[in-house]
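Trainee: Here are the chains, one letter per residue:
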Amino acid sequence: MTGKNLGKIKGFSIQFLPYSEIRSLDSTQRIKKILNIVLGNNILLLQGRLEPDEEARLIGDTMAMIGHLKHFKGIELAVISGGSEGVFGRMRMGLVNAIAGGDIGAVTIIGPATIVKEIKRNPKKIELLLKK
Amino acid sequence: MVANKLKNFFKNIFSNLFSQKRELKLGFYGPPNAGKTSLANRICKDFTGEEIGTVSKIPHETRSVQFKEKVEISYKGKSMTFKIVDTPGIATKIDYEDFLKYRMKKADAKIRAKEATQGVVESIRWLDDMDVVVIVLDGTQNPYNQVNITIIGNLVARNIPVLIVANKMDLRKTHIKKIEAAFPEYDVVGISAKYGKNLEEFYESIFKLAKKVR
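Residue numbers (the working numbering), protein chains in the order written: chain Z, 1 to 132; chain F, 1 to 214.
This is chain Z alone, in the form it adopts within the complex (with noise of 0.2 Å):
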């Protein structure tokens, strides 16, 4: 893992990752994967969400890599969630996050935050505000 794209913006591009790539991988390796992705001055959008444990250690691993990558700051970090109406609207996205693996309605984003100055959520909306 590096840092070594990160300091001063040049550039950055979006990178979606379908959870499907996902799905598969422990924790160790989620995560793994999330930060290489950041690190090379991305922001991720996440198909799904992490677990309540997984994120709790991305932002335990962000921590312990601050010091110690030249410029790297930490993250911003925000889950959306797609959330369904009702009683039989939730037993129905529950039964789609049963077969799917994850919850795949939900979607998460992760940027440095050399780049992503803050996201603003809401309920339904979310603001990536981004550094000059």
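Think of the hints as simulated: they come from the structure by calculation, not from any bench. A portion of the hints provided could be inaccurate.
SDA-like cross-link-like pairs, simulated, lysine to any residue; straight-line CA separation at most 20 Å [claimed, not checked]:
| no. | chain 1 | residue 1 | chain 2 | residue 2 |
| --- | --- | --- | --- | --- |
| 1 | F | K114 | Z | D61 |
| 2 | F | K114 | Z | H71 |
| 3 | F | K212 | F | D129 |
| 4 | Z | K132 | Z | I14 |
| 5 | F | K110 | Z | L69 |
| 6 | F | K177 | Z | H71 |
| 7 | Z | K32 | F | V121 |
| 8 | F | K178 | Z | H71 |
| 9 | Z | K132 | F | K101 |
| 10 | F | K194 | F | M169 |
| 11 | Z | K120 | Z | I80 |
| 12 | Z | K125 | F | K177 |
| 13 | Z | K125 | F | V121 |
| 14 | F | K177 | F | N198 |
| 15 | Z | K131 | F | Y96 |
| 16 | Z | K120 | F | F183 |
Got chain Z sorted already, so can you dock chain F onto it with the hints?
Mentor: Same frame as chain Z, now just chain F:
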């Protein structure tokens, strides 16, 4: 996660067998500068006469977990003993340059940032050890912050009862309704840790919450 559940299961059996009145670990979690230490100080001062830590306007003042044992909270004739655990604020980014705005020297800011990152890791590690958790939120800030959602998600996964506190109710910008709307499944108590406002409702909620500990 399975290992955590098994650990909690055996911990609860053990404590129920050998202790009639055990000390519950009451953790204070949340983002930096929400008022975790102010609230923990208020409780400790009220029931032990001593504070737990220092508070500051500069974020990440608490950079390691600090605790006070055998804090007996008495309220309306009821009494419970807690180990108060005050944790460093959890963040996803820490930049030493943010501390320079508070007229801190560069070298000190770098040290503070390094300690703060270690504090976040320590806070996360302590999640497994809590019996009851109070999430302290700054009522003036947007509650839809992923850190808050991640902490709550982890507590739910570990079956740890949660109370949400909307702090800084003394400020006009505070909107408790926003926090209630963000977390409709949880009790939200509005307080001012700085001025000790509405702590009666807070203690009442803590006693209710403690009863949920299995």
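Trainee: Each hint: holds or not?
Mentor: Hint check results:
1. For the proposed pair K114 of chain F and D61 of chain Z, the alpha carbon gap of about 14 Å is at most 20 Å, so the pair holds.
2. Annotation: proposed proximity of K114 of chain F to H71 of chain Z holds, straight-line Cα distance about 14 Å (limit 20 Å).
3. Proposed proximity of K212 of chain F and D129 of chain F is supported: the alpha carbons are some 16 Å apart, at most 20 Å.
4. Of the supplied pair hints, the one linking K132 of chain Z and I14 of chain Z holds, its CA atoms being roughly 17 Å apart against a limit of 20 Å.
5. Distance check on the hinted pair: K110 of chain F and L69 of chain Z sit about 14 Å apart at the alpha-carbon level, within 20 Å; holds.
6. Taking the CA atoms of K177 of chain F and H71 of chain Z, the gap is near 39 Å; set against the 20 Å cutoff, the hint is violated.
7. Restraint check: the Cα-Cα separation between K32 of chain Z and V121 of chain F comes to about 17 Å, which is no more than 20 Å; the hinted pair holds.
8. Under the criterion of a C-alpha separation no larger than 20 Å, the hint pairing K178 of chain F with H71 of chain Z is inconsistent with the structure, at around 35 Å.
9. Simply put, K132 of chain Z and K101 of chain F have alpha-carbon atoms about 19 Å apart, close enough for the 20 Å limit, and the pair holds.
10. Of the pairs offered as hints, the one joining K194 of chain F and M169 of chain F holds, with about 9 Å between alpha carbons and a cut-off of 20 Å not exceeded.
11. Using a Cα cut-off of 20 Å, the hinted pair K120 of chain Z and I80 of chain Z holds, with the two alpha carbons roughly 11 Å apart.
12. Pair hint K125 of chain Z plus K177 of chain F holds up; C-alpha atoms about 19 Å apart against a cutoff of 20 Å.
13. Between K125 of chain Z and V121 of chain F the CA atoms are separated by roughly 29 Å; this puts the pair beyond 20 Å, and the hint is violated.
14. Distance check on the hinted pair: K177 of chain F and N198 of chain F sit about 16 Å apart at the alpha-carbon level, within 20 Å; holds.
15. For the hint pairing K131 of chain Z with Y96 of chain F, the CA-to-CA distance comes to about 17 Å; that is within 20 Å, so the pair holds.
16. Taking the CA atoms of K120 of chain Z and F183 of chain F, the gap is about 17 Å. The hint holds against a cut of 20 Å.
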